[in-house]
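> First to last, the sequence lines map onto chains A and B. Position one of the first sequence corresponds to residue 1 (the UniProt record's numbering), numbered consecutively onward. Position one of the second sequence corresponds to residue 1 (the UniProt record's numbering), numbered consecutively onward.
Don't take each hint at face value.
Identical chains share a label here; the pair holds if one copy fits it or two copies do between them.
[Unchecked claim] Calculated lysine to any residue pairs in the SDA-like style (CA-CA distance at most 20 Å, straight line):
#1 361 / 289
#2 46 / 58
#3 116 / 70
#4 334 / 128
#5 217 / 11
#6 339 / 308
The hints are simulated quantities; they were obtained by calculation from the structure and are not laboratory data.
Number of protein chains: 2
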Amino acid sequence: MIAEILTIGTEVITGSILNTNAQYLAGKLMDLGIEPIYHTSVDDNKERLRNVFKTSLDRADIIITTGGLGPTQDDLTKEVISSTLELPLERDSSMEENIRMMFQNMHRDMTENNLKQAERPLGSQFIENSNGTAPGIFINKNGKKIILLPGPPKEMIPMFENYVAGLIKEDYTIIQKSANLIGIGESALETELKKLDVYTNGFEIATFAKDGEVEIKIIGKGKVRLEVEEKVNEILDIINKKFSEFIYGYDNIPIEELVLNRLKEKRFKMSLCESCTGGLITSRLTGISGASEVLDRGLVTYSNQAKIDELNVKPLTLENHGAVSRETAYEMAKGLIEKTNSDIVLSITGIAGPLGGSIEKPVGLVYMCVMTRDNYKIYENHFTGNRTSIQNRATIKAFYEIFNFLR
Amino acid sequence: MIAEILTIGTEVITGSILNTNAQYLAGKLMDLGIEPIYHTSVDDNKERLRNVFKTSLDRADIIITTGGLGPTQDDLTKEVISSTLELPLERDSSMEENIRMMFQNMHRDMTENNLKQAERPLGSQFIENSNGTAPGIFINKNGKKIILLPGPPKEMIPMFENYVAGLIKEDYTIIQKSANLIGIGESALETELKKLDVYTNGFEIATFAKDGEVEIKIIGKGKVRLEVEEKVNEILDIINKKFSEFIYGYDNIPIEELVLNRLKEKRFKMSLCESCTGGLITSRLTGISGASEVLDRGLVTYSNQAKIDELNVKPLTLENHGAVSRETAYEMAKGLIEKTNSDIVLSITGIAGPLGGSIEKPVGLVYMCVMTRDNYKIYENHFTGNRTSIQNRATIKAFYEIFNFLR
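Chain A with its partners taken away, still in its complex shape:
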């Protein structure tokens, strides 16, 4: 089964935004046993969209579009596709009611153009959008499945997962499994991987580097799910044995979620104090629903005065050793655990750059301290990259150290 992913929007075409939708959908289609052979993007232009869509109809069995479903006049997807397929648009009264209600709940005036979103091509189904105003559309015509989704990923992704996947699933298996590693570089990892007996015909094993971590991805394909699964698990076992010290998780579950779950199991309360990461660690943690069961507080003690006031760091320590030092990391953690009821705290202080580095303390030097009531550990790290990259790497590493400290 061949799929085409059609991304519609001038903002993609002009390079204003990165086309993450195509990547997301491609990965998901692979999981469903469907090969997303063609990815096409086109601007918000009626004639060109029509031509591109016709080409897709010729070469693909499943077409998924993103973008162009909004209420404004440069949103053309539904109109062009319904007219190309000769399925007239009709207004759905219950959807109209939904839209009116939604605006009422938001205390906002509904303009007439919003009612465009209550229209769907004859014989098609709406796909519910819980995170925005534009519903999706599912069309099944002459053996072709056509799915229209909105462009914003935070609307599109839940719609795909909750509804679309079930509408298009195939009797062919592609299984992808990932192991997530921290503390080993991509090329060293690949060199080691190549020495293992993991490469099999029809199975792909690839490595991908992200800020501060590496993913090993196994892609297996075949008719019989059980056989594919068994072989993928065999490969994963070999990888597990070889790289156990670096693997923190599987299938790209964010490390902050693993940390949060482990803390919940232990019924631990945690607090954080950050300097160079400036709140990133705390905000990653509070991005997960249920963080309030675990997190008591996070203090971003950016200035020296804040470190003294909030965490009782000694002025003499800052003077003698500097804000970026083992000693300051230790005192930050100690100050935090003493002033709170937390079972575990993390402190972090470093130089995110681009300014502020020196020969003894270069940009990328970061100290962390993880402390419980009866134990503590200090970590020295040297990260590379620009400011964002160093902050991201330090954040990932901080979660990794908490994770390890707890196991």
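With the hints as your guide, set chain B onto chain A.
Chain B only, in chain A's frame:
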């Protein structure tokens, strides 16, 4: 002049890597006055690549491909394109010499397949690759310009900048300007826009919604740069007059950067205390180099106890009005400004969801308080969307309120 960007490679098609090449090339082509209307990706398959390339030849004047130029057998780009164009491959003796030398210098054995890289379609030119072994190719046939570049961005980007840009530059200008707005919805904005005299032939005015903000983008095109510039500025003036209360900036400079700059000008120190945004506001601010000149500290007082300990919020206030209330937002700000030397503080407390809402206090209800030594203002907000979306919208709105408070 219409361009098509052709990304060739199974790793893009399966979603294993993000297609950053298309975004990079699109932006660069726009700068050169060329419209990158079509972006297409296809896997490493001879027949499908041939068909995709034929479609590109039909609809574009300039075709830029990336990927598939390496020495291995799944690298097909040069072969397929030369045969489609009926330009036989010929071996270039000086390139052959180069390749032999390169391997000698690297003390590596050259295998026969490396000599594939010394071949080019009849009448075409090589494009030098200083960061890898695969040279690019420039073909000019029947008025069509076809450029083949390698896939890795660190090879492709310098080749584009140093050679390709000069080969395809047009005497045509495209100018893009954006206004960034907060506090107005996309469809209301468009309704108002339509009433203005801003729509001109050959100029595009589009709106894009992001979390909590909207962008108006003007794309002007024409032969004479000065004329295009003048017209774009005229349109921008009209938009400025109409939407002044909502416009916070231009050309997508993040609002946190604008806030930071304004605080620097005023030599203000700021501190923040966050509950529902969990450190996101602080981390967005500290993502910018130079934040330390402005930010004293950020306190993520997630638990009630933290609000009492850190900000001197009265337990009775929490009991009578709840943590999400005007009164708590006010006391948080007051506690923070009293314990620090900050000139301005912001507090924020709300319900990010998905749990924790009630009928009186639904998910999305967020209070903020901005306070200086002699003034304060409290804001009530109702945001929609999932947890991430509410946190993002609240963050953007918080920066906007600080920005407004300062003007």
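> Against this structure, judge whether each hint is valid.
Structure-based check of all given hints:
{"no.": "1", "hint": "361 / 289", "verdict": "between (37 Å within a copy, 18 Å between copies)"}
{"no.": "2", "hint": "46 / 58", "verdict": "both (19 Å within a copy, 18 Å between copies)"}
{"no.": "3", "hint": "116 / 70", "verdict": "within (8 Å within a copy, 48 Å between copies)"}
{"no.": "4", "hint": "334 / 128", "verdict": "neither (50 Å within a copy, 44 Å between copies)"}
{"no.": "5", "hint": "217 / 11", "verdict": "between (31 Å within a copy, 9 Å between copies)"}
{"no.": "6", "hint": "339 / 308", "verdict": "both (13 Å within a copy, 12 Å between copies)"}
Going down the numbered hints, you'll see the structure goes against just number 4.
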